[in-house]
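Listed here are the chains, written in short residue letters.
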Amino acid sequence: MASEPGAGGRRRVIAVDPADNVLVALMDLAPGETVEYAQTVVVIVDEILAGHKVALRQIGCGEPVLKYGEVIGLATCSIPRGCHVHVHNVASARLPGPQAG
Amino acid sequence: MLTGYPRDNGKWGVRNHVLVLPARAAANRAAELVAQYLPAVVAVAHEWENLPGDPDAGVITRTLAGFGANPNVGAVLLITVDSRDEQLAHELSARGQRVSVVAMSEHGGTVSTAEAARAVASELVMAAAASREPMPISALVVGLECGGSDGWSGITANPALGIASDRLVAEGASTILGEVPELVGAERFLAARAVTPEIGQEIVELINAFEHAVKGLGIDIRGAQPTPGNIAGGLTTIEEKSLGAARKAGTAAISGTLEYAGSPRGTGLYIMDTPGHDIEQMVGFVAGGCQLVAFTTGRGTPTGSPIAPCVKISTNSAVFGNMPGDIDIDAGGIAIGTETLTSVGESIYNALIAAASGVLTCSEVHGHREFAVRRVQ
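If you read the sequences in order, they're chains A and B.
If you count by this note's numbering, then the first sequence holds residues 49 to 149, one letter each, in order.
If you count by this note's numbering, then the second sequence holds residues 28 to 404, one letter each, in order.
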């Protein structure tokens, strides 16, 4: 795991694996905030609750979403950097989940 | 120092219970009456009726026999209804367990059966009395369970438990990962660690079989995996939940796969074919020989076992604070930087050794004795 400290010294995001294209918020993040990971500055677009994911890079429609260095699903639309990554824009590649309906 | 109770069959218990086991649902009340009279015994109840031709008879007999023969049990008082239940007594004896049988058909009803069973139970309590002795860690088998996962599970409690599991395995103990429905998407990660290519293929087939069963039956698991609670916590897909769940098993090599309630043939890390249901999973682990269970939870559960200590680990500090007395260790500090995976992993390891050696866990203090047998058909 790698992380960048926030203004108060507390980490705000982590990448579970260096190969991931999403970060996990360690605290609630508001639109307009910036976080940094591995020299990449991410401007937060959506409200991101703690424990939820934010796109580290733009993820194209149909591209794999990577967390733990593994595929956790496929983007169902293009996801710009800084956007919330969740059931509204990601579907399981394996079993129909709640997002399939 | 790890201590336990040596058994005649070479296994070691970490508790010394006398279990009153009803062979069928009809014997539940008699078993309960024995335990009410004798606080030194523990009784379980279940809904199996042992009807002729029941396709689940094999798995349920294996579960009940394995549970009764768990080394945490010093003796079993089996309450049978009639001769149809004798198979279970044979299975218990074959596994090296001390078993006494009281048959309802010989005593005529619940009250007289319970009266006869009380006398037998009190003899068993005295016969099973034993002292703790230094126990080799190679005799320890720990179940790795999670229930009520959230976005923190795969980042805090599960990888911290994985560190503890890796240390146990490195020291010669065994750990068992279950919950096949929550390993879909993690098979590549797990199969790559199998000790042989054949075992890697078994892992993939175990997980694929569940996925095909779901698709083949047209079961709609929307709303079930991930659960609404998982989604609120930030988990998006079954793959994400699975990859977080698999972190409980650390990075050790995987020695083999086990059928539900099956026992490891050697030591090391195993994967058991259990359902996701918390209680059926824990019963499967204990029936397979786990003397101890480590249980991570994001949303909080007080679940325990009638015969095995269960060390509960919260993934976030909010649930730890909201359930005082139900959770043994809080891994939430990992997310905010007040703890590390290494420090919590060490706390979990130490708590497991202490619990095995006699320190009561939260679930034991509060008398949690949940029990359910898995039906397949």
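Don't read these hints as lab results, they were simulated from the structure.
Glycine included, C-beta positions come from ideal geometry on N, C-alpha and C.
Don't take each hint at face value.
To be verified - Residues on chain B that point at chain A, a partial pick, calculated with CB under 8 Å: (1) Trp179; (2) Val211; (3) Leu270.
Evaluation of the provided hints:
1. Trp179: 6 Å, holds
2. Val211: 5 Å, holds
3. Leu270: 4 Å, holds
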